[in-house]
Structure formats: structure tokens, C-alpha cells
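Peer 1: Protein chains in written order, with full-length UniProt numbering: chain A, 1 to 180; chain B, 1 to 325.
For the record, the hints were derived by calculation from the structure and aren't laboratory data. Please read all numbers here as calculations on a predicted model, not as lab measurements. Warning: the hint list may mix true and false statements.
[Claimed, not checked] To spell it out: a stretch of chain B is covered by chain A in this simulated footprint if at least three of its residues, at any positions, have a beta carbon under 8 Å from a beta carbon of chain A; those stretches are: (1) 6 to 19; (2) 200 to 209.
[Claimed, not checked] Ranges between beta-carbon positions, derived for each pair: (3) B:Glu-74 to A:Glu-51: 22 to 28 Å; (4) A:Gly-75 to B:Glu-49: 17 to 23 Å; (5) A:Thr-85 to B:Arg-219: 22 to 28 Å; (6) A:Leu-19 to B:Gly-58: 45 to 51 Å.
In this text, a Cβ means the ideal position worked out from N, Cα and C, and glycines have one as well.
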Amino acid sequence: MSETPDQIPIFPLWPGRALRLAPLRPLQLGLNRFVARLAREHPKMFRRLGEHGAKRFEIDPVDLPVVILLEPREGAPRVTLARATQPHDARIAGPLAALLGMVHGAYDGDALFFSRDLVIEGDTAAVLALRNAIDAAELDLAAEIEALAGPARGMVERIVALAEKRTGVALTRHEEAEAW
Amino acid sequence: MEIVCPAGTPAALRAAVKAGAHTVYCGFADETNARNFPGLNFERDEMRESIARAHEHGAKVLIAINTYPRAGAEALWHRAVADAAGCGADAIILADPGLLAFAAREFPDLRRHLSVQAAAANADIINFYAAEFGVKRVVLPRVLSVPEIAAINAETDVETEVFVFGGLCVMAEGRCSLSSYATGKSPNMNGVCSPASHVEYREEAGRLDARLGGYTIHRVGAGEPAPYPTLCKGCFTAGDKTGHLFEDPVSLNAEALMPALQKAGVTALKIEGRQRSVSYVSQVVRNFRAAVDALEAGLPMPEGMLARLSEGQAGTTGAYKKTWR
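One chain only, chain A, in its complex shape:
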């Protein structure tokens, strides 16, 4: 596990530029397929949200020209991509590298908040529940994408490994998350 760094790596600029022009609907469809898989594979993560499973979370990667509205809907999650802020109960904003690093256990969420790399607004309890639920689930987003990639799995693995090496961004989980 890496230490919490003095500086969060900077995500490359080109995905943001590409997103400015790209239609969001196909990406949103892919993201919804992805979170449906997360709901199937990690039902406890959604149970941990408790009453906050019905809230709307706006996740704002500040280096991308989109916001992600995540509605856990108590285990039937929905994701909406938008170019401007949406009605929400809680908002979490920060560099994409910080958000991904937190999901993958590379950074401590509280430390990112204390250092103001992350900004939270709105329903603080809902943010805390989401953070705790994701932390407990020990997600590996790259592994989940690879599982959806079918025969292209090997290629996706290689792309993720190369991108991680080039950028320093925690795109996958490195701490041993396997059973005891």
C-alpha cells in the first residue's frame, strides 16, 4: 500500500478533452451496466448504506468536464452523466486520481479531506456512509471492468497496467484484498 502522497498524481488531460466532444449517452449506458454488476457482486456494499441508499450523490471529478450522479436506489443503482451540476443530496468533488485512489485504498479519505484535496458538500452523513461502504467492499474497478470485457479481458488488463504506469494514478487495487 502506498502512503498518502504529498501530491496527488495528475490525470492526463486528453480524456477530459475527449469528453467535451463525446456524446455522453453511450458512456452512461456502459456505466450503468458497470454499476449493475457492482450491485450483483457487492450486495453488502449497498446494504451498508442503510437509509442513505435512497440518496443522490453527485461525484465531481474536477479535472473532467462531467459530473456523475450516482443513485444507489437500495441496490438497484443508476448513474447519470451530465455536463453541469444536477439536483443532489450530497456532493463529493476532487481530482479523478484522488477519487480513484480512495476507492482502491491507496489514499485515506479523511486525509484527502483534511488536506482539502477532496471537497464534500450537502448531506455529510450520506457521504460518510458511501465512503465507509466503498471502503468495506474493497472494490477493484479495473478488475470489475476486466470481468465485463469477455474475450478482450487480457487486452484491457494490459491497457490498465500501462496507463497506471504512465500516470501514477491508482487504477486498480494493489493491497491484497483476497480472503484471509
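Given the structure of chain A, go ahead and fit chain B onto it with the hints provided.
Peer 2: Chain B alone, transformed into the frame defined by chain A:
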């Protein structure tokens, strides 16, 4: 010395054991424990499984049932004690005398530790808990200096456990009502100090306001570390002076005092942070296990690297070295 490490989830418990924790403490997902935070803590099946696995790896697990039962709702706390025994806990950490009496009567073989929430800060009261309820260990409140801890150890056979790292409560724990004043909820009765449900952050042009129960507790400028709005670490204006009345928004780091605490007769060193992430638990436990091993081997203490993980990104030795006392 034994290091006693926090776990808010099964993942954190596993991380703590893998990082070298001798002992892990945790709680059930309800108001029976003083870290009753959203998304945190253990269901019964998770507790049973986690304890079994920790035992396979030679680590002990303590279950904190350290809030004060509400009158008429004791059954929830009694069930927690029974389930802790059923899950195979090595000890339970209790604060309420009634619950201690229940545990001693119904589960005499289940080891009992006295929670910091009992605020037992002198040898007389510690010996009382030992004589009446068979308490084997006391978690000392964070208001004592090292010489005071040594004096207590000289007058009791009860093991002492002290906090060495993490969130710093500067009050007589279990007696503090500051959170209740602002929010109606307290760690003593509800398991939450300054609950997140009453916390609000507002950022405008780089300035961050941290509010609790509608009151602005902190206001920091761009680039300054963000605080959590607890009243005891709030910034207040009185007369013409503005400042932190009780304590700065800092965390405890008594790593450098470990040799002195060992000499003072302390049995166990406690790390705060059941509400923190797996990443935090892993880093802090690894750091303290290395420090304890170095101390036991008579080697120089490794340099700590934990400041960034702390509230206010700054550490203090708290009351252990408070010269004004």
C-alpha cells in the same frame, strides 16, 4: 507492549491483523458502541467470521459495547454482550456499571475491560471496578500525564491501556455533553460525537466553513487544513480574543513517548480510528508495530510518517506532556 488497533469493518480488521496488530477492537452495527457511524461496524455473522480468522492468525479481538444503555432498552445491550460471547470475543469493553454487573453475572468467563467512556482516572475507582465487576484492564482517559499514569499503575493490579494515536478527546469521556448541546446526540448515549448528520461544510471562494448543528465551529482559508467541527476543538471569540478555547484541531501522536509509557507500566497502546479507512488502519498499525518491535528489541524508534493522516495534519502529545498542568 501490546498494540490494540481499530477496525470499523471486516476489511479494516483483516488489514490490521495483516499489518501486525496484536489485538483489534471493533463494535456491532448499532448504538451499543461509541462509533455508531453510518456505513460502519459489524453484523453478527461478520463479527463471528472475523474473530475466527483473527484467532487463526494469532490476534485477539475485543468488542466495544461502551455506550450507556437507555432506560427501558437494556435488552439491546444485553444481547450485544451475549452475542460477543457467542462470537468468541477475547474481551468486551464496557463503561456502564449496570452492564458490567450483567456481564459479570451472566458471562463470568468473558474478560471485561473498562472503556475510556467510564473516565476512570485514579487508582481508587479502577480498583473498585476490579473488585465489584472483575475488570481486568482499564482504558485510561486522555487527560493524564505520564507520571500520573505511573502513579496509577503503582497502586493497581489492573492492566492499563492508553491511547497513543488518533483523534484526541480532551474531555472526561463519558461525562462530556458538548456534542449534546449542539446536536442532541452524544457518544455516551448514541455512540456519536458531533454526528455527521449534523455536520455541514460550505466552501466559498476557497474559504471553508465547518458547521455543527447550525453553528459555525471553524472557518479556514484557502489551503488551510480542513477540520472536523467538534466543539472541544472549535474556534471561539470571547471579548476581543479569538482562538481555540480547549484544544487545537490536532490529533494525538504519542509515538515518541512509548518508552516512557512502557516505563510507567502500561500494558497496551491503543490506536484510535474505527471510523477511518482500511488505508489508514494499515499504515498506522504497520508504523506502530515497527515501533513496538524496535522498543522491545532495544533498537532506535523508527521515525513516524503519520502527520498527513491526522486531523489538522498536526500532532500533539496531549495531556501526557502538558506542562501547564
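Peer 1: Against this structure, judge whether each hint is valid.
Peer 2: Going through the hints against the structure:
1. Only when three residues or more bring their CB closer than 8 Å to a CB of chain A does the claim for the segment 6 to 19 of chain B stand; here the count is 8, and the claim holds.
2. With 5 residues having a Cβ less than 8 Å from any Cβ of chain A, the segment 200 to 209 of chain B passes the three-residue criterion, so the hint holds.
3. For Glu-74 (chain B) and Glu-51 (chain A), the Cβ-Cβ distance of about 25 Å falls inside the hinted range of 22 to 28 Å, so the restraint holds.
4. A hinted range of 17 to 23 Å for the beta carbons of Gly-75 (chain A) and Glu-49 (chain B) is consistent with their spacing of about 22 Å.
5. Between Thr-85 (chain A) and Arg-219 (chain B) the Cβ separation comes to about 24 Å, which falls inside the hinted range of 22 to 28 Å.
6. Distance hint for Leu-19 (chain A) and Gly-58 (chain B): a CB-CB separation of about 50 Å, consistent with the stated range 45 to 51 Å.
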